[in-house]
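Trainee: Chains as they are written, first to last, in our numbering: chain U, 1 to 115; chain F, 1 to 111.
Honestly, I wouldn't trust all of these hints.
[What the hints assert, rightly or not] If you only want the chain U side, here are some residues facing chain F, beta carbon under 8 Å, derived:
| id | residue |
| --- | --- |
| 1 | Leu43 |
| 2 | Leu90 |
| 3 | Lys103 |
FYI, nobody ran anything at the bench for these hints, they're computed from the structure.
In this text, a Cβ means the ideal position worked out from N, Cα and C, and glycines have one as well.
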Amino acid sequence: KAGVTQTPRYLIKTRGQQVTLSCSPISGHRSVSWYQQTPGQGLQFLFEYFSETQRNKGNFPGRFSGRQFSNSRSEMNVSTLELGDSALYLCASSLSLTGGREKLFFGSGTQLSVL
Amino acid sequence: GEDVEQSLFLSVREGDSSVINCTYTDSSSTYLYWYKQEPGAGLQLLTYIFSNMDMKQDQRLTVLLNKKDKHLSLRIADTQTGDSAIYFCAESSGGYSTLTFGKGTMLLVSP
Chain U
1 KAGVTQTPRY LIKTRGQQVT LSCSPISGHR SVSWYQQTPG QGLQFLFEYF
51 SETQRNKGNF PGRFSGRQFS NSRSEMNVST LELGDSALYL CASSLSLTGG
101 REKLFFGSGT QLSVL
Chain F
1 GEDVEQSLFL SVREGDSSVI NCTYTDSSST YLYWYKQEPG AGLQLLTYIF
51 SNMDMKQDQR LTVLLNKKDK HLSLRIADTQ TGDSAIYFCA ESSGGYSTLT
101 FGKGTMLLVS P
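Construct the entire structure; sequences and hints are all you get.
Mentor: In structure tokens form, the structure reads like this:
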């Protein structure tokens, strides 16, 4: 079974630009969540999508947005990039079982550098 | 809000046992997880424990949970150089797939 696939692997952008990152979950997984990883703040939850609906959102500005398609693939978009947006963006998928037991499987991430 | 704390660094010799500790604040945590991250890679789920359990063993890994003290530990027996990585503790109480992670413990295993 293929794992979580994130593209692209690396991105270099300049301040003010926008960027779109893509995530393909494990086949059969309906939940996709996004995390930002930086050396200073660690791993922070961005948002989670289930059946094309945003189910939960972290504490990030509105410049960060996402969506999920009917095949469960997800994209996240960051508009008006700032230097502080440089980070590893990780996508995770899960079956989204009832009872709160979530086994999240992570992709290798997209390393975004904002110059 | 929820908070998860870990020590930042642990150094052991090959063959020794490693113990990585974690404390959390949210008493409503339902599941607690340990993830491993190697350089340039995403996070790999190692093991998890339900909050009503005290211990879980999985091959070389032993997870101990003290719910009263909100303390979680991961013991790696017979640590190998390939175990060198960053280990993250995480808890789920934010609902659905929202995990709160610690800052990670870097484990360095020397030959």
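Trainee: Take the hints in turn and mark each one as holding or not.
Mentor: Against the structure, the hints:
Hint status for Leu43(U): holds, given a least beta-carbon distance of 4 Å to chain F, under 8 Å. Against a cut-off of 8 Å between C-beta atoms, the interface hint on Leu90(U) holds, since the closest Cβ of chain F lies about 6 Å away. At its closest, the beta carbon of Lys103(U) sits 6 Å from a beta carbon of chain F; the interface hint therefore holds under the 8 Å criterion.
Comparing the model with each numbered hint stated earlier shows that all of them hold.
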